[in-house]
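Chains F and B are the protein sequences, given in the same order.
In this text, residue positions in the first sequence follow the working numbering: the first is 602, and each later residue adds one.
In this text, residue positions in the second sequence follow the working numbering: the first is 602, and each later residue adds one.
For the record, the hints were derived by calculation from the structure and aren't laboratory data.
Keep in mind the model is a prediction, meaning the values are calculated, not measured.
Be aware that one or more of the hints could be misleading.
Stated by the list, open to error - Straight-line C-alpha distance at most 30 Å; calculated DSSO-like pairs for lysine-lysine:
hint, chain 1, residue 1, chain 2, residue 2
1, B, K709, F, K860
2, B, K670, F, K860
3, F, K630, B, K670
4, B, K739, B, K814
5, B, K630, F, K705
6, B, K814, F, K630
7, F, K705, B, K860
8, B, K709, F, K814
9, F, K670, B, K670
10, B, K860, F, K709
11, B, K860, F, K708
12, F, K630, B, K709
What the hints assert, rightly or not - Have a look at the derived ranges for each label pair, beta carbon to beta carbon:
hint, chain 1, residue 1, chain 2, residue 2, range
13, B, V846, F, K670, 49 to 59 Å
14, F, S605, B, G716, 47 to 57 Å
15, F, N636, B, T627, 44 to 54 Å
16, F, Q792, B, E710, 54 to 64 Å
17, B, E710, F, D804, 49 to 59 Å
18, F, E710, B, R892, 20 to 30 Å
19, B, R622, F, V668, 16 to 26 Å
20, B, R895, F, S815, 56 to 66 Å
21, B, K860, F, N703, 38 to 48 Å
22, B, H621, F, G693, 33 to 43 Å
23, B, N702, F, N703, 28 to 38 Å
The C-beta atom is built at its ideal place from N, Cα and C for all residues, glycine as well.
2 protein chains.
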Amino acid sequence: MTVSLADIREAAERIEGLVHRTSVLTSEKLNELTNAELFFKCEHLQKVGAFKARGAVNAVYSLDDNVIKQGVATHSSGNHGAALARAASLRGVPAFIVVPNNAKQVKKEAIVGYGAEIVSCEPTLKARESALEEVVEKTGATFIHPYDDDRIIAGQGTAALELVDQVPDLEAVIAPIGGGGLLAGCCVVAQEKGISVYGAEPDGADDAYRSLKSGEHVTSHVPDTICDGLLTTIGVRNLEIIRGVVDDILLTPDADTVKAMELIWTRMKQVVEPSSAIVLAAVLNNPELFRNRRIGLILTGGNVDPANLPFSGC
Amino acid sequence: MTVSLADIREAAERIEGLVHRTSVLTSEKLNELTNAELFFKCEHLQKVGAFKARGAVNAVYSLDDNVIKQGVATHSSGNHGAALARAASLRGVPAFIVVPNNAKQVKKEAIVGYGAEIVSCEPTLKARESALEEVVEKTGATFIHPYDDDRIIAGQGTAALELVDQVPDLEAVIAPIGGGGLLAGCCVVAQEKGISVYGAEPDGADDAYRSLKSGEHVTSHVPDTICDGLLTTIGVRNLEIIRGVVDDILLTPDADTVKAMELIWTRMKQVVEPSSAIVLAAVLNNPELFRNRRIGLILTGGNVDPANLPFSGC
């Protein structure tokens with residue numbers, strides 16, 4: 602493995618005070634419903650509204666003074682872009698975020714709000730990569746990949762490290778899988794702590810599942826899921842870490858994710874996005890696997906548009 | 602006053618362990634937006650999803666063994682019914698809840714879920730009162746009024762007592778006003794602690810405002826507001842306590858309450874109902890009054906139907 606528990610411990614020290622140590626919530630009703638003891642790690646209450654704040658701060662604060670002064674760059678229309686912008690702003694260095702020109706205005710505003718510079722490009726992989734290359738060349742900024750990066754993986758892993766500290770005798774942890782930064786971090790912690798670890802993946806974006814089952818890295822896939830935080834393909838480092846450690850990837854239909862999201866909203870009164878709620882759907886869909894166990898579920902983010910919700914009637 | 606700080610302290614001891622000591626949340630973004638320091642007391646994360654759990658437990662546990670064994674009764678299609686049902690179930694005594702026959706199925710299920718008996722009646726004040734009288738006569742149960750009751754007021758006041766304990770140097774507290782149980786409890790605490798206290802009331806259900814301004818108890822009014830927890834008329838005891846103590850009742854249009862609700866959802870990721878969000882709307886509408894002050898806001902409940910939300914597009 603390219604990331605060790607020591608790396609995650611170092612990351613935890615590095616980011617302390619710069620991100621929230623998020624709460625863990627429980628719900629008697631959801632425990633009854635699942636016949637398990639569920640512990641929800643509230644990363645939707647994290648800075649920038651997502652666990653991505655952890656990896657971004659760890660990456661930015663890992664770099665030497667003479668490197669970081671040139672700034673950092675990435676491509677992201679989502680939370681990583683905002684998280685990196687925030688981390689750079691905290692350290693007082695520039696950030697350059699390549700954003701496709703069809704990205705939502707609210708996402709762009711979040712990035713600009715943290716003082717970063719947006720580099721607009723056509724919404725294709727090629728345009729994104731060449732825009733990023735250009736800005737890195739021009740500015741000398743360090744490229745921080747959204748997930749296929751050891752500093753990012755170590756940073757995201759701090760969520761799991763906190764969770765096992767906050768919940769004694771935890772038996773398993775479940776995290777959503779998109780690019781695999783968070784799940785890889787969870788795998789490192791879970792292996793060292795001797796607990797089980799599961800990924801929850803939309804059945805319409807099952808590249809990680811297929812990569813693990815086939816032994817080949819599935820890199821071309823056309824995702825079709827409501828979980829807009831889980832569209833990305835699993836990264837090389839991420840797959841390497843997850844393989845052999847993860848107990849299983851639990852494929853989950855969107856309809857079940859929406860039901861789980863409604864349960865979290867109505868029972869726990871927490872606004873989470875589908876990409877978060879998928880972890881509860883995975884528990885509900887696998888009752889025998891989780892019965893009577895103490896399970897940690899990472900609620901990764903809560904960035905939803907209240908005017909456009911997937912519940913019936915909305 | 603019929604309720605003292607000592608009564609609220611006693612209530613706090615009585616209900617300890619039977620209700621949650623709820624968290625206090627803060628939001629940098631909402632502080633920036635309001636130029637104030639806001640501390641949100643999370644009663645939407647309380648048992649039964651509302652502060653009503655406090656008063657109900659205090660009332661049920663205040664009664665002598667030989668009285669309480671006959672059970673308790675009330676009329677409520679809302680959270681007080683569920684809260685009283687739960688409190689009675691905890692003490693192992695029967696509860697009889699008079700519910701209009703047009704009440705929502707989900708509300709009835711909550712009450713039945715706590716083992717209470719539902720007494721159905723026509724949706725008129727007269728039918729409700731005679732059904733209640735009948736059940737009290739038949740069973741010997743003690744009637745616990747939803748708000749016009751000293752035990753209820755003392756119980757609800759424990760939310761404010763906790764808040765001033767959790768937030769050092771709090772300067773003011775704002776609570777929504779419906780029947781006035783919570784605001785009366787807040788007034789007792791605020792007066793003793795020497796802090797300001799405000800009620801937030803929908804401008805379409807302004808009976809408390811008019812009662813205070815006119816000096817006469819306005820008892821007949823036809824409320825028109827999205828805040829379905831604030832439809833009731835202020836109680837006699839409640840008005841008596843609030844008068845002379847409350848700094849002001851801040852009337853708030855529903856449109857502003859909906860905007861505040863969206864802010865709490867998107868910025869704090871908390872599912873609150875309009876009757877809760879009105880407290881933030883009151884701050885936003887009175888920027889000079891609250892500027893640079895440390896303000897406690899009581900989020901009273903989070904019982905909303907995700908399929909029927911007031912946001913545009915839904």
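Hints, one by one, checked against the model:
no.: 1; hint: B:K709 / F:K860; verdict: holds (22 Å)
no.: 2; hint: B:K670 / F:K860; verdict: violated (40 Å)
no.: 3; hint: F:K630 / B:K670; verdict: holds (28 Å)
no.: 4; hint: B:K739 / B:K814; verdict: violated (42 Å)
no.: 5; hint: B:K630 / F:K705; verdict: holds (20 Å)
no.: 6; hint: B:K814 / F:K630; verdict: violated (44 Å)
no.: 7; hint: F:K705 / B:K860; verdict: holds (21 Å)
no.: 8; hint: B:K709 / F:K814; verdict: violated (48 Å)
no.: 9; hint: F:K670 / B:K670; verdict: violated (73 Å)
no.: 10; hint: B:K860 / F:K709; verdict: holds (22 Å)
no.: 11; hint: B:K860 / F:K708; verdict: holds (20 Å)
no.: 12; hint: F:K630 / B:K709; verdict: holds (17 Å)
no.: 13; hint: B:V846 / F:K670: 49 to 59 Å; verdict: holds (58 Å)
no.: 14; hint: F:S605 / B:G716: 47 to 57 Å; verdict: holds (52 Å)
no.: 15; hint: F:N636 / B:T627: 44 to 54 Å; verdict: violated (35 Å)
no.: 16; hint: F:Q792 / B:E710: 54 to 64 Å; verdict: violated (44 Å)
no.: 17; hint: B:E710 / F:D804: 49 to 59 Å; verdict: violated (32 Å)
no.: 18; hint: F:E710 / B:R892: 20 to 30 Å; verdict: holds (25 Å)
no.: 19; hint: B:R622 / F:V668: 16 to 26 Å; verdict: violated (47 Å)
no.: 20; hint: B:R895 / F:S815: 56 to 66 Å; verdict: holds (58 Å)
no.: 21; hint: B:K860 / F:N703: 38 to 48 Å; verdict: violated (28 Å)
no.: 22; hint: B:H621 / F:G693: 33 to 43 Å; verdict: holds (41 Å)
no.: 23; hint: B:N702 / F:N703: 28 to 38 Å; verdict: violated (52 Å)
Hints 2, 4, 6, 8, 9, 15, 16, 17, 19, 21, 23 from the earlier list are contradicted by this structure; the remaining hints agree with it.
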